[in-house]
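*Asks:* What follows is each chain in one-letter form.
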Amino acid sequence: MIECIDLTKRYGKFIAVDHLTLQMAERSALALWGANGAGKTTVIKCLLGLLRFEGAIRVDGLDVRRQGRAVRQRIGYVPQELAFYKEMTAFEMAAFYARLKGAPAERIDPVLEQVGLSEHLAKPVGALSGGMKQRLALGLALLSDPPVLVMDEPTANLDAAARSQLLQLLAQVKAAGKTILFTSHRIEEVETLADEVAVMERGRLQFTCDSTSLAQRIGLRTQVKFIVPGHEVERALEVLRDGGLAARRNGVGVIVDVSHGEKARPIHTLSRARIEVIDFEVE
Amino acid sequence: MNITVIWTLAQKELRDALRNRWFLLYTAAFVGLSLALSYMSLAGAGIAGFAGFGRTAAGLINLVLLIIPLMALTVGAQSLAHEQEQGTLAYLLAQPVTRAEVFAGKYLGLAMSLLASVGLGFGIAGVVLAISDGAGSPAAYVGLMGRTYLLSLAMLSVGVLVSAMSKRGGVAIGGGLFLWLTFVFLGDLGLMGTALTMRLSVGQLLWLSLLNPLQVFKMAAILDINATLDLLGPAGIYAMQEYGQRLRIIFLALMAAWIVLPALAAYARFQMRGDF
Numbered sequence: 001m002i003e004c005i006d007l008t009k010r011y012g013k014f015i016a017v018d019h020l021t022l023q024m025a026e027r028s029a030l031a032l033w034g035a036n037g038a039g040k041t042t043v044i045k046c047l048l049g050l051l052r053f054e055g056a057i058r059v060d061g062l063d064v065r066r067q068g069r070a071v072r073q074r075i076g077y078v079p080q081e082l083a084f085y086k087e088m089t090a091f092e093m094a095a096f097y098a099r100l101k102g103a104p105a106e107r108i109d110p111v112l113e114q115v116g117l118s119e120h121l122a123k124p125v126g127a128l129s130g131g132m133k134q135r136l137a138l139g140l141a142l143l144s145d146p147p148v149l150v151m152d153e154p155t156a157n158l159d160a161a162a163r164s165q166l167l168q169l170l171a172q173v174k175a176a177g178k179t180i181l182f183t184s185h186r187i188e189e190v191e192t193l194a195d196e197v198a199v200m201e202r203g204r205l206q207f208t209c210d211s212t213s214l215a216q217r218i219g220l221r222t223q224v225k226f227i228v229p230g231h232e233v234e235r236a237l238e239v240l241r242d243g244g245l246a247a248r249r250n251g252v253g254v255i256v257d258v259s260h261g262e263k264a265r266p267i268h269t270l271s272r273a274r275i276e277v278i279d280f281e282v283e
Numbered sequence: 284m285n286i287t288v289i290w291t292l293a294q295k296e297l298r299d300a301l302r303n304r305w306f307l308l309y310t311a312a313f314v315g316l317s318l319a320l321s322y323m324s325l326a327g328a329g330i331a332g333f334a335g336f337g338r339t340a341a342g343l344i345n346l347v348l349l350i351i352p353l354m355a356l357t358v359g360a361q362s363l364a365h366e367q368e369q370g371t372l373a374y375l376l377a378q379p380v381t382r383a384e385v386f387a388g389k390y391l392g393l394a395m396s397l398l399a400s401v402g403l404g405f406g407i408a409g410v411v412l413a414i415s416d417g418a419g420s421p422a423a424y425v426g427l428m429g430r431t432y433l434l435s436l437a438m439l440s441v442g443v444l445v446s447a448m449s450k451r452g453g454v455a456i457g458g459g460l461f462l463w464l465t466f467v468f469l470g471d472l473g474l475m476g477t478a479l480t481m482r483l484s485v486g487q488l489l490w491l492s493l494l495n496p497l498q499v500f501k502m503a504a505i506l507d508i509n510a511t512l513d514l515l516g517p518a519g520i521y522a523m524q525e526y527g528q529r530l531r532i533i534f535l536a537l538m539a540a541w542i543v544l545p546a547l548a549a550y551a552r553f554q555m556r557g558d559f
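In order, the protein sequences belong to chains A and B.
Mapping of the first sequence onto the numbering used here: residues 1 to 283, in sequence order.
Mapping of the second sequence onto the numbering used here: residues 284 to 559, in sequence order.
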């Protein structure tokens with residue numbers, strides 16, 4: 001469905017994307033994973049025809065450079081930075097983009113209902129919360145019912161509740177059979193949405209892998225902070241270290257560095273040693 | 284080109300202009316001053332009340348030369364650069380639209396808003412003059428309105444060109460204001476200085492001054508009202524003797540060039556840009 005062949009983007013001497021080649025099957029979900037500056041957003045912008053590039057990108061067999069409009073007709077785009085006309089209401093905004101996309105006006109109400117904005121249609125976009133704006137962006141992307149959804153860090157600016165709400169919506173969209181390409185640096189987002197992950201670093205594709213094995217492949221580690229009774233801190237450190245965990249003291253607590261997917265292990269270790277865990281926090 | 288896309292964008296642009304307080308301020312100033320000017324034209328001659336169409340038209344030339352370029356240049360300069368700075372232009376271009384449609388839609392919307400502003404200024408003053416039984420030919424007045432609109436389009440094209448070459452709204456507005464100063468004030472001063480130091484002939488001086496669209500407008504408007512350019516001095520007399528009534532075509536062609544060429548250059552620049 002989406003094909004990047006030898007995609008390269010240069011800004012003068014700086015190479016933002018370096019000979020990237022990857023393919024996506026129809027109805028699959030691919031996450032572009034990488035730190036800031038890895039080139040993820042640049043790939044998306046090239047795909048949308050917003051940047052000039054070397055190499056080729058094809059969507060549904062159409063060339064991005066020569067058949068830009070037809071390509072974008074097949075793509076719903078959710079940007080990282082929401083750039084809306086703030087004085088328009090949510091409904092006016094949807095009506096405006098529906099006309100640009102050639103989507104029938106009858107699609108507006110059901111789509112806005114799908115993203116949970118039915119009760120906020122008359123609100124100016126500037127007055128919507130971050131989560132609502134992001135859901136509006138998703139709604140706008142889905143107006144013409146495109147086969148492909150492209151999202152740039154879709155949950156980057158959201159709080160935990162709004163993030164969870166949006167991820168549920170996106171899971172529904174995925175289940176409806178859309179091809180989804182998105183950039184992310186949140187493991188839970190990748191594990192929820194993606195089938196496959198393309199890991200990028202400094203513009204280069206490092207490897208692709210199954211989304212469930214990403215954490216292991218990149219050696220993703222998580223810090224868990226435990227609060228235990230003051231007189232038990234030294235024993236907790238000893239027990240955890242004896243159990244093969246990297247633990248260190250942090251004020252009144254203990255910090256343990258664990259692999260992704262092993263966050264419960266220190267709790268079991270402490271529990272077996274009958275050390276009370278008063279509280280814990282995952283960072 | 285998809286006409287629905289162009290019209291949708293043009294309507295949005297028109298709505299935005301009508302919400303823009305600077306645009307409304309310029310329009311209000313233009314309307315107010317047009318009315319005041321038409322009233323004072325005769326007051327200066329010792330007669331109270333509104334002057335006729337012809338006299339008011341003559342008085343309006345200087346007002347148009349000052350306000351319309353300022354309005355059209357700043358509105359044009361804001362168009363693309365401001366949206367790029369806000370990020371809305373990139374989002375717009377990520378939709379199934381072409382750059383040609385976005386450019387055409389924006390230009391059309393701004394052109395319509397300028398037409399509304401010019402029409403409002405001339406229209407209100409014209410209605411008041413008609414009610415006050417203003418003497419003179421309304422044709423000269425309507426002709427001046429048409430030429431004013433062409434001037435506003437020429438300045439809009441220049442403004443949009445500045446906008447297409449800028450990435451930031453503030454820089455584009457600064458560029459627009461600089462060009463306004465150049466066209467309105469520095470153009471005349473530069474021309475006088477050049478004429479003195481280079482010892483230009485009258486013909487050279489005429490053509491040099493015609494490089495400024497404001498001068499083209501002024502000469503065309505004076506020719507419409509007076510049927511001669513004698514009051515412009517030697518250059519005006521030379522122009523009448525050399526070109527006669529062909530001047531009307533020359534003025535129209537020059538104004539058309541000022542509308543089309545900067546707009547084409549702006550479109551080419553917008554089309555070539557790959558940094559959204």
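Rather than coming from a laboratory, the hints here were simulated on the basis of the structure.
Since the model is a prediction, treat every value here as computed from it, not as a measurement.
Treat the hints loosely; a few may be bogus.
In the DSBU-like style, the derived pairs of lysine-lysine whose C-alpha atoms are separated by at most 30 Å in a straight line are [unchecked claim]: (1) Lys295/B - Lys450/B; (2) Lys86/A - Lys295/B; (3) Lys86/A - Lys450/B; (4) Lys295/B - Lys13/A; (5) Lys86/A - Lys123/A; (6) Lys123/A - Lys174/A; (7) Lys295/B - Lys123/A; (8) Lys174/A - Lys263/A; (9) Lys263/A - Lys225/A.
Partner residues aside, some chain A positions facing chain B, computed with beta carbon under 10 Å [what the hints assert, rightly or not]: (10) Arg52; (11) Ala70; (12) Phe84; (13) Tyr85; (14) Glu87; (15) Met88; (16) Phe91; (17) Cys209; (18) Leu245.
Output of the computed footprint for chain B on chain A, the stretches with three or more beta carbons under 8 Å from beta carbons of chain B [to be verified]: (19) 38-51; (20) 100-112.
Just so you know, even glycine gets a beta-carbon here, dropped at the ideal spot from N, CA and C.
*Asks:* Evaluate each hint against the coordinates.
*Replies:* Status of each hint after checking the structure:
1. Lys295/B - Lys450/B: 21 Å, holds
2. Lys86/A - Lys295/B: This hinted pair holds, its Cα atoms lying about 13 Å apart.
3. Lys86/A - Lys450/B: 20 Å, holds
4. Lys295/B - Lys13/A: This hinted pair is violated, its Cα atoms lying about 39 Å apart.
5. Lys86/A - Lys123/A: The given pair, whose Cα atoms are some 10 Å apart, holds under the 30 Å limit.
6. Lys123/A - Lys174/A: The given pair, whose Cα atoms are some 28 Å apart, holds under the 30 Å limit.
7. Lys295/B - Lys123/A: Holds, at about 18 Å.
8. Lys174/A - Lys263/A: Distance ~28 Å between Lys174/A and Lys263/A Cα, so the pair holds.
9. Lys263/A - Lys225/A: Holds, at roughly 10 Å.
10. Arg52: 3 Å, holds
11. Ala70: 8 Å, holds
12. Phe84: 7 Å, holds
13. Tyr85: 6 Å, holds
14. Glu87: 7 Å, holds
15. Met88: This interface hint holds because 9 Å falls under the 10 Å limit.
16. Phe91: 14 Å, violated
17. Cys209: Violated - the Cβ of Cys209/A stays beyond 10 Å from chain B, reaching only about 29 Å at its closest.
18. Leu245: 45 Å, violated
19. 38-51: With 5 residues closer than 8 Å to chain B, the region 38-51 of chain A meets the three-residue bar; holds.
20. 100-112: The restraint on the region 100-112 of chain A holds, since 3 of its residues have a Cβ under 8 Å from chain B and three suffice.
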